[in-house]
Each structure stands twice: as C-alpha cells, then as structure tokens.
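Trainee: Construct all of the structure, not just a fragment, from the sequences and the given hints.
2 protein chains.
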Amino acid sequence: MLEYLPLCDSLGVFALIDPANAAHTDPIGNVVLMLAVILIAAKLGGHAAARCGQPAVLGELLAGVVIGNLYLAGVSWFEPLKSDATIDMLARLGVLILLFEVGLESTVAQMLRVGASSFFVATLGVLTPFALGWGVGAWLLPEESGYVHAFIGATLTATSVGITARVLRDLGRLQSNEARIILGAAVIDDVMGLVILAVVSGIITAAASGAEASLADSGWILAKAVVFLVGALTLGVWLSPHLFRAYAKLSGPGLLLSAGLAFCFALSWLAGWIGLAPIVGAFAAGLILEDHHSMPFAESGHRSLADWIHPLSSMLVPIFFVLMGARTELRAFQDPALLILAGVLCVAAVAGKQACSLGIVGGGIDRLSVGIGMVPRGEVGLIFANMGAALQLDGKPVVSGAVFSAVVIMVIVTTFITPPALKWSLARGAARRTS
Amino acid sequence: MLEYLPLCDSLGVFALIDPANAAHTDPIGNVVLMLAVILIAAKLGGHAAARCGQPAVLGELLAGVVIGNLYLAGVSWFEPLKSDATIDMLARLGVLILLFEVGLESTVAQMLRVGASSFFVATLGVLTPFALGWGVGAWLLPEESGYVHAFIGATLTATSVGITARVLRDLGRLQSNEARIILGAAVIDDVMGLVILAVVSGIITAAASGAEASLADSGWILAKAVVFLVGALTLGVWLSPHLFRAYAKLSGPGLLLSAGLAFCFALSWLAGWIGLAPIVGAFAAGLILEDHHSMPFAESGHRSLADWIHPLSSMLVPIFFVLMGARTELRAFQDPALLILAGVLCVAAVAGKQACSLGIVGGGIDRLSVGIGMVPRGEVGLIFANMGAALQLDGKPVVSGAVFSAVVIMVIVTTFITPPALKWSLARGAARRTS
Numbered sequence: 001m002l003e004y005l006p007l008c009d010s011l012g013v014f015a016l017i018d019p020a021n022a023a024h025t026d027p028i029g030n031v032v033l034m035l036a037v038i039l040i041a042a043k044l045g046g047h048a049a050a051r052c053g054q055p056a057v058l059g060e061l062l063a064g065v066v067i068g069n070l071y072l073a074g075v076s077w078f079e080p081l082k083s084d085a086t087i088d089m090l091a092r093l094g095v096l097i098l099l100f101e102v103g104l105e106s107t108v109a110q111m112l113r114v115g116a117s118s119f120f121v122a123t124l125g126v127l128t129p130f131a132l133g134w135g136v137g138a139w140l141l142p143e144e145s146g147y148v149h150a151f152i153g154a155t156l157t158a159t160s161v162g163i164t165a166r167v168l169r170d171l172g173r174l175q176s177n178e179a180r181i182i183l184g185a186a187v188i189d190d191v192m193g194l195v196i197l198a199v200v201s202g203i204i205t206a207a208a209s210g211a212e213a214s215l216a217d218s219g220w221i222l223a224k225a226v227v228f229l230v231g232a233l234t235l236g237v238w239l240s241p242h243l244f245r246a247y248a249k250l251s252g253p254g255l256l257l258s259a260g261l262a263f264c265f266a267l268s269w270l271a272g273w274i275g276l277a278p279i280v281g282a283f284a285a286g287l288i289l290e291d292h293h294s295m296p297f298a299e300s301g302h303r304s305l306a307d308w309i310h311p312l313s314s315m316l317v318p319i320f321f322v323l324m325g326a327r328t329e330l331r332a333f334q335d336p337a338l339l340i341l342a343g344v345l346c347v348a349a350v351a352g353k354q355a356c357s358l359g360i361v362g363g364g365i366d367r368l369s370v371g372i373g374m375v376p377r378g379e380v381g382l383i384f385a386n387m388g389a390a391l392q393l394d395g396k397p398v399v400s401g402a403v404f405s406a407v408v409i410m411v412i413v414t415t416f417i418t419p420p421a422l423k424w425s426l427a428r429g430a431a432r433r434t435s
Numbered sequence: 001m002l003e004y005l006p007l008c009d010s011l012g013v014f015a016l017i018d019p020a021n022a023a024h025t026d027p028i029g030n031v032v033l034m035l036a037v038i039l040i041a042a043k044l045g046g047h048a049a050a051r052c053g054q055p056a057v058l059g060e061l062l063a064g065v066v067i068g069n070l071y072l073a074g075v076s077w078f079e080p081l082k083s084d085a086t087i088d089m090l091a092r093l094g095v096l097i098l099l100f101e102v103g104l105e106s107t108v109a110q111m112l113r114v115g116a117s118s119f120f121v122a123t124l125g126v127l128t129p130f131a132l133g134w135g136v137g138a139w140l141l142p143e144e145s146g147y148v149h150a151f152i153g154a155t156l157t158a159t160s161v162g163i164t165a166r167v168l169r170d171l172g173r174l175q176s177n178e179a180r181i182i183l184g185a186a187v188i189d190d191v192m193g194l195v196i197l198a199v200v201s202g203i204i205t206a207a208a209s210g211a212e213a214s215l216a217d218s219g220w221i222l223a224k225a226v227v228f229l230v231g232a233l234t235l236g237v238w239l240s241p242h243l244f245r246a247y248a249k250l251s252g253p254g255l256l257l258s259a260g261l262a263f264c265f266a267l268s269w270l271a272g273w274i275g276l277a278p279i280v281g282a283f284a285a286g287l288i289l290e291d292h293h294s295m296p297f298a299e300s301g302h303r304s305l306a307d308w309i310h311p312l313s314s315m316l317v318p319i320f321f322v323l324m325g326a327r328t329e330l331r332a333f334q335d336p337a338l339l340i341l342a343g344v345l346c347v348a349a350v351a352g353k354q355a356c357s358l359g360i361v362g363g364g365i366d367r368l369s370v371g372i373g374m375v376p377r378g379e380v381g382l383i384f385a386n387m388g389a390a391l392q393l394d395g396k397p398v399v400s401g402a403v404f405s406a407v408v409i410m411v412i413v414t415t416f417i418t419p420p421a422l423k424w425s426l427a428r429g430a431a432r433r434t435s
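Chains as they are written, first to last, in my numbering: chain A, 1 to 435; chain B, 1 to 435.
Just so you know, the hints here were simulated from the structure itself, not pulled from any lab data. Treat the hints loosely; a few may be bogus.
What the hints assert, rightly or not - With a Cα cut of at most 30 Å, we get these calculated DSBU-like pairs of lysine-lysine:
hint, chain 1, residue 1, chain 2, residue 2
1, B, Lys423, A, Lys249
2, B, Lys423, B, Lys82
3, B, Lys82, A, Lys82
As the list claims (entries may be wrong) - To list a few chain A residues with every Cβ distance to chain B over 12 Å, as calculated:
hint, residue
4, Met34
5, Leu39
6, Ala50
7, Ala208
8, Ser268
9, Ser314
10, Pro336
11, Trp424
We put the CB at the ideal spot given by N, CA and C, even for glycine.
Mentor: Now the structure itself:
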C-alpha cells in the first residue's frame with residue numbers, strides 16, 4: 001500500500017471525487033436536493049408573504065423557520081440542511097451578491113451626498129443602544145460586574161444590513177435617500193462595531209490579566225478600516241474604469257459578468273482581510289461600478305451588469321434567508337425566566353435605534369423608516385455575544401449562558417419584526433408626503 | 001461551562017458563523033479570493049485559446065494547469081484552491097448546470113430521433129475500448145492475472161461528457177445531429193459503465209472470497225438505471241408542464257429560474273441516488289424542459305429559461321474546467337517507464353472510441369467527429385481505477401500504483417486532445433459538406 005499512497009495525489013487529477021468514496025456516487029447529490037427544497041420553500045414562503053401584503057423576505061425567513069423546526073414535530077429530514085458546509089457557503093455568497101446588487105443601484109457620489117446623515121445615524125445608532133444595553137444589564141443583572149453590562153451594551157450596537165437591504169429591494173425603494181442613509185450608516189456601523197469589539201475585549205482581557213489596557217490595537221484596527229473604505233472608494237473609482245476597459249479587450253463570452261464578479265470578490269476578500277464584514281467590500285464594489293463600466297463590453301450581449309447579476313442573486317439570495325430562518329431555534333423561547341431579560345433587551349434594541357432618526361441632516365426624509373431600518377441585529381450581535389462567552393473573568397465567562405440566550409432571542413425578534421415594520425412605515429411616509 | 005454548552009446550539013441561530021471563530025472574520029473571504037482568481041484565469045486562458053483558434057475550454061483547462069503547477073516553480077499560493085471543499089462543490093454545480101444548459105438546447109423527441117445511433121455508438125464505444133484495454137494489459141503486463149487486464153479494459157470504457165459538451169457549445173454546434181448522438185451515447189455509456197463496474201468488481205470480489213459471482217446485483221443496477229431514464233423522460237415530459245403551470249401561479253419574481261433549477265436539481269439528485277452520475281439527471285431535466293414550459297411565466301420578465309441560466313453557467317462552469325486543469329499533476333509525466341504503458345493506453349483509448357463511428361445509423365453524419373467526441377475519459381475512468389486500487393486479490397490491489405498512474409495520464413491526454421481535435425474534425429466535416 002505504501003507504493004500506492006503517494007499516487008493518491010495524482011488521483012486528484014480531474015477526479016473531483018472523494019478518494020475514500022470509490023463508488024459511483026457524487027456528494028453533490030445531497031447538496032442539490034437541499035437546494036431544490038430551499039428554492040421551492042423560498043417561493044412558497046414568498047408567495048404567502050405577498051398574499052398577506054408583506055415583503056417576500058419575511059416569507060422566506062418563515063419558510064426557513066418551518067423547515068428548521070419540523071424536528072419538533074418529529075420530522076428530522078431537514079436537519080442536515082442547517083449544518084451543511086456547502087449550503088452555508090452558498091448562503092454567505094448569496095448575501096454577498098445581494099449587497100453587491102444593492103450597491104450597484106447607487107453611486108459613490110449619491111452615497112456621499114447623504115454621507116453626513118449616514119455618519120450621524122450610525123454614531124447615534126451605536127451610542128444609544130450601547131447606553132441602553134448597559135443600563136438594562138445594570139438594572140436586571142445588578143450582581144454582575146460592569147464589564148458584563150458593557151458587553152451587553154456592545155451586543156446591541158450592531159446593524160445587520162442584509163434584511164433591510166432585501167426589504168428595501170422587495171419594495172422597490174433602494175433608490176430613495178432613506179435607503180442610502182441606512183446602507184451608508186450600516187457600513188459605518190460595521191467599522192464602529194469592529195472598534196468597539198476591539199476596545200471592550202481589550203479592556204476585559206487587560207482586567208483579567210491585571211495588565212493595563214492598550215488602545216493602540218483599536219486605533220490600528222480603526223485606521224485599517226478607514227484606509228480600506230476611503231481607499232476603495234477613491235482609488236476604486238479612479239482605477240476600475242481602466243481595469244474594465246483593459247478586461248473588455250479580451251475575447252470570449254461573459255466578460256462583463258466575470259469582471260464584475262472578480263471586482264466584487266476581490267473587494268470582499270480585502271474587507272474580510274482587514275477585519276470588516278466581506279459584505280462591506282461587496283457593497284463598496286457595487287457602489288464603485290456604474291453604467292460606464294459596462295460600456296466597453298456593450299458589443300457582447302447588451303445586458304447591463306445588474307441584468308447579469310440578477311439570475312445569480314435569484315438563486316443564491318433565498319438560500320441565505322431560508323437558512324437564517326432554518327437556524328432559528330424556536331426552543332430558545334421556552335424558558336419564561338429568560339423571556340423577561342430577552343423582552344427588555346428587545347425593547348432596548350428597538351428603542352435605541354430610533355435615536356438614529358435624530359442624526360439625519362436636512363429635511364424631506366422619512367425619519368421613522370430610517371430608525372426602523374437600523375433595527376435588525378443579525379449575526380454581528382451574536383459574534384459579540386459569542387466573544388463574550390469565550391472571555392473569562394474571575395473564572396467564569398463574561399457572557400453567561402442565560403445572557404447569551406437572551407441575546408439570541410433579541411436577534412431573532414429584531415430581524416423578524418423589521419420587514420413588516422419597515423413596509424408599514426414606508427407606506428405611512430409615502431402617504432404623508434402625498435397628503 | 002456545562003450550563004453554556006447546550007446553549008451553543010442556539011448559537012447557530014442566524015449566525016452563519018463558525019462558533020470556534022469568535023473574531024469578526026468570515027470564511028467566505030478565502031473562497032471569494034479563489035473565485036476571483038479562477039474567473040480571471042479562465043478569461044485569460046479563454047482569450048489565449050481564442051487567439052490560437054481553439055475552443056475557450058482548452059484555455060480554461062490550461063490556465064488551470066498553470067495555476068495548479070506553479071508550485072513546481074516554488075509558488076505555492078494557489079495550492080489551497082485544489083482541495084478547497086467549497087470550490088470543489090461549486091465546480092460540481094458548474095458541470096451540472098452546463099449539462100442542464102446543454103440539455104435545454106435539445107428536446108426528448110430530437111434525442112430519440114438519433115436514439116438508435118446513440119445506442120450503437122455507446123455499445124461500440126464500450127466494447128472496443130474494453131477489448132483493446134484488456135489486450136494492452138495482456139501484452140504489457142503478462143505477469144498479472146486476467147482480472148487486472150479486465151479492469152484496465154473497464155477503465156477505458158467511460159466517456160466524460162463535460163469536455164465534449166463544452167467544446168460543442170463553444171463552437172455553437174449543440175444543435176447538430178453529431179452533438180445529439182454524442183450526448184445521447186454519453187448518457188447510455190454512463191448506464192453501461194455502471195453495470196460493467198458492478199459486474200467486474202462483483203466477479204473479483206467473488207474470486208477473492210472464493211464465492212460464486214452473482215449477477216443479480218448487476219441486473220438490479222441496470223434495471224434501476226433504465227427505469228430512471230425511461231421514467232424521467234416519459235413521466236417527466238407528461239408531468240412537468242402541469243407542475244410548471246401550477247408553480248407559475250405563485251406570486252413573486254424569479255419563479256421561472258427557481259422552477260427550472262428545482263427541477264434540474266431534483267432529477268440530478270434522483271440520478272445520483274440511483275447510482276448514475278448526477279449530470280445525467282441534469283441533462284435529462286434539460287431535455288424534458290422546452291419553450292412551452294416557460295410560457296405560463298411569460299408575464300414576469302420575458303426571459304427564456306436558457307437566458308436565466310446563462311449567467312449562472314458563465315460563473316460556475318469555468319470553475320469546473322479551471323479546477324480540472326489545476327488538479328492535473330504534471331509530475332505524473334516524469335517517470336519514463338510509466339510513459340510506455342501510458343502511451344499505449346492512450347492509443348488504445350483514442351483508437352477504441354473511433355469504432356463508435358461504425359455504430360451510426362443513416363447518412364449525412366460526420367462520423368469522425370462523433371468518434372472524437374467520445375474520446376475524453378474524465379473522472380469516470382479514474383473512479384474505475386480507484387475502485388480497482390481498493391479491491392484486493394491475493395493480498396495486493398488489483399490496480400497497482402503504476403497502472404493507476406498510467407490511467408491518470410491516459411485521462412489527462414484524452415481530455416486535453418479533444419478540444420483541438422474536435423474543432424479540427426468539425427471544420428473538416430463542414431468543408432466536405434459544402435465542397
């Protein structure tokens with residue numbers, strides 16, 4: 001066998017097969033079955049939501065909740081879906097493509113025009129929930145240390161932009177100033193969240209080890225993030241038309257899509273490498289690319305880049321939302337003692353983001369909708385809570401199991417109330433303007 | 001910690017994050033960087049191939065070979081790409097979408113019209129290489145048992161349809177009868193390969209254990225495969241218009257794409273579950289779906305299903321071919337002793353498939369092109385060889401390390417010569433017809 005083993009390497013050639021799996025079976029079989037289930041469930045959920053006058057994304061989330069919690073009724077067919085590595089990656093690719101597509105609908109100049117509003121909205125949207133979260137911690141968990149209260153505050157600061165972007169797209173409102181303020185604020189929020197995470201965990205680590213907290217690391221993280229955003233938006237705007245013109249000189253079909261995706265993927269990777277969420281890079285790539293980037297490619301197909309991306313997002317985006325729904329554990333809601341802390345956290349999470357509307361510069365903006373658009377917390381809040389669970393202080397985790405579960409419920413609630421609330425507030429704003 | 005552990009479950013909620021990875025990093029970062037490299041490499045390779053008058057797929061393969069063998073020059077940046085699980089799955093999804101797209105270009109009726117030719121082409125394309133491979137084994141490895149010779153023959157029978165389908169698409173020849181004969185023969189070939197694999201390994205296992213070989217298993221496998229193909233093509237043609245009409249009644253965007261993909265994925269899964277290659281199911285799904293399936297969806301978008309699928313295949317298909325190239329180990333060619341066996345195997349592999357042209361019923365067909373189109377062996381030959389390496393007879397593997405390496409070289413050579421050879425023979429056939 002020793003002679004054979006090194007040759008196993010060359011087995012990789014062309015194989016695309018698992019060397020351990022000599023039978024004529026292909027692991028893609030299970031993946032495509034899950035994809036078929038997700039695609040159909042998404043459309044059924046979207047249809048049901050549309051019939052109730054709700055954005056399709058709410059239906060996709062709820063279809064996911066049904067699939068993911070059928071095991072409570074004894075049906076465990078769909079359990080592998082929740083943890084399948086390929087489905088997980090396709091979902092991540094889906095939200096990346098969604099933010100790229102959303103970015104394509106605006107330009108850097110349009111975003112800068114509401115830049116001041118976005119900045120103040122993001123700042124208030126971080127400070128107020130942080131203070132409220134700290135206060136909730138001090139009120140309901142007086143026996144815990146101030147570090148724990150600070151960490152609870154930190155978990156309330158984040159904004160998960162995927163849900164809001166999708167609702168705005170479902171309602172055809174991506175071109176509004178409200179949408180641009182929210183999306184810009186979400187990007188700035190991501191940078192601020194990164195810094196807060198570094199500062200809070202730096203202070204706690206220092207406290208645990210008895211050393212003094214160093215703020216140099218946080219400053220370095222902030223500097224990298226700002227350099228990335230400013231660099232991408234200035235250098236990108238200047239350099240990308242040249243890159244695209246050079247790429248368009250190649251022969252072959254599908255060049256525009258390939259150029260757009262490669263640009264989006266490169267910036268997403270760079271954002272992730274800096275420590276930002278990759279979706280921030282995808283969104284920046286979308287902002288940078290404008291119609292004139294497609295011009296040199298016009299001879300081959302006459303479709304715009306958005307037209308090319310649309311089928312990709314139609315396939316991949318529902319995977320993200322159905323999976324998000326499927327991973328919602330309804331069991332989390334079964335502990336009454338926990339529900340009090342969770343309920344107060346939810347109120348603080350929603351109320352805290354309403355302060356955002358005070359940050360808007362200038363008139364004619366539907367302030368309530370901006371506040372509601374900032375509500376969903378998503379994965380960033382969980383990353384914070386998770387980090388707190390891993391940090392030890394006086395021999396026990398900073399974020400206890402009960403606090404962690406309450407944060408999970410807060411994330412679920414803020415995510416699911418956003419689609420109907422945002423639809424209602426946008427309709428209300430539009431009615432006011434016409435009356 | 002015990003209190004915290006069960007709650008880790010609820011961490012899955014919304015998270016899409018690795019619980020072990022508390023930092024603000026997303027594993028999609030590495031995947032999208034690899035995707036950007038693959039997309040750009042594919043276009044550069046395709047451009048170079050087009051400049052040399054070759055099909056784009058040859059350029060994508062060679063771009064992959066460069067990426068995958070740069071480590072020989074000390075550059076190991078791209079090594080993770082070869083074994084990344086997500087890239088592997090996206091490649092498999094790519095070849096599935098390619099065969100679905102290729103299937104969409106023909107109908108079941110058109111395939112049945114050349115069905116007799118396909119059947120005889122497949123039969124000769126299995127029997128002749130099997131006999132030649134057996135002969136090569138008996139000639140060059142006289143000290144080995146007849147089982148080994150039979151296994152070498154079996155590895156030469158397979159046809160890997162991905163390359164040929166892609167070349168025919170690159171050249172805009174998918175609508176020709178030659179294309180339909182090759183594609184139909186490749187599907188039948190897959191069924192025959194499945195049966196041969198069962199028979200040969202059944203006989204060897206029986207010989208090793210001293211028991212008598214049972215042919216009931218092979219018969220059962222054949223029956224399942226035939227029932228799947230006949231069932232899919234009759235029941236599918238009858239049932240799918242009803243399913244599509246019902247689905248079209250849902251509200252929401254992207255319904256046609258979702259219906260088409262779900263249908264393709266469901267049949268791919270079913271094919272894989274039966275034991276056939278999932279691409280056979282995807283191809284069957286493409287054949288079944290026709291323009292009238294899209295009609296009920298016409299109100300929403302006015303794009304045909306093929307238009308919806310095209311951007312997906314533009315993104316995913318190059319991943320398959322670049323990865324195939326990247327996994328080609330040039331080191332396999334460095335052993336001179338091996339090259340004799342490999343060279344003779346290559347001659348047998350190419351010559352054996354030329355017998356296919358005798359199976360074509362009726363005139364006006366470019367017989368040489370059909371023979372060349374059947375040449376690439378791809379992953380199925382390797383699956384056979386791999387199975388032989390796992391089977392033990394008299395305490396040593398039926399397929400030794402040296403034979404395995406020779407098979408790998410045969411697979412590489414037959415795959416890389418097909419694009420230029422097929423382009424040449426199709427041009428020659430067209431010139432003859434017009435002269």
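Trainee: Are the hints correct? Go through all of them and say.
Mentor: Now the hints, each set against the structure:
Among the hinted pairs, lysine 423 of chain B with lysine 249 of chain A is consistent with the structure: their alpha-carbon atoms are about 24 Å apart, no more than 30 Å. A distance of roughly 29 Å separates the Cα atoms of lysine 423 of chain B and lysine 82 of chain B; the hinted pair therefore holds under the 30 Å criterion. Using a Cα cut-off of 30 Å, the hinted pair lysine 82 of chain B and lysine 82 of chain A holds, with the two alpha carbons roughly 26 Å apart. Listed as a non-interface residue, methionine 34 of chain A fails to keep its Cβ farther than 12 Å from every Cβ of chain B; the least gap is roughly 9 Å.
With a least beta-carbon separation of about 5 Å from chain B, leucine 39 of chain A fails to lie farther than 12 Å from that chain, contradicting its non-interface assignment. Its closest Cβ contact with chain B, about 5 Å, brings alanine 50 of chain A to no more than 12 Å, contrary to its assignment away from the interface. Distance to chain B confirms alanine 208 of chain A as a non-interface residue, since its nearest Cβ pair spans about 15 Å, more than 12 Å. For serine 268 of chain A, the condition that its CB be more than 12 Å from all CB atoms of chain B is violated, with the nearest at approximately 5 Å.
With a closest Cβ-Cβ approach of about 4 Å to chain B, serine 314 of chain A is found to fall inside the 12 Å limit, against its non-interface label. A cut-off of 12 Å between C-beta atoms confirms that proline 336 of chain A is not in contact with chain B; the least separation is 16 Å. The non-interface label for tryptophan 424 of chain A is consistent with chain B: the shortest C-beta to C-beta separation is roughly 20 Å, beyond 12 Å.
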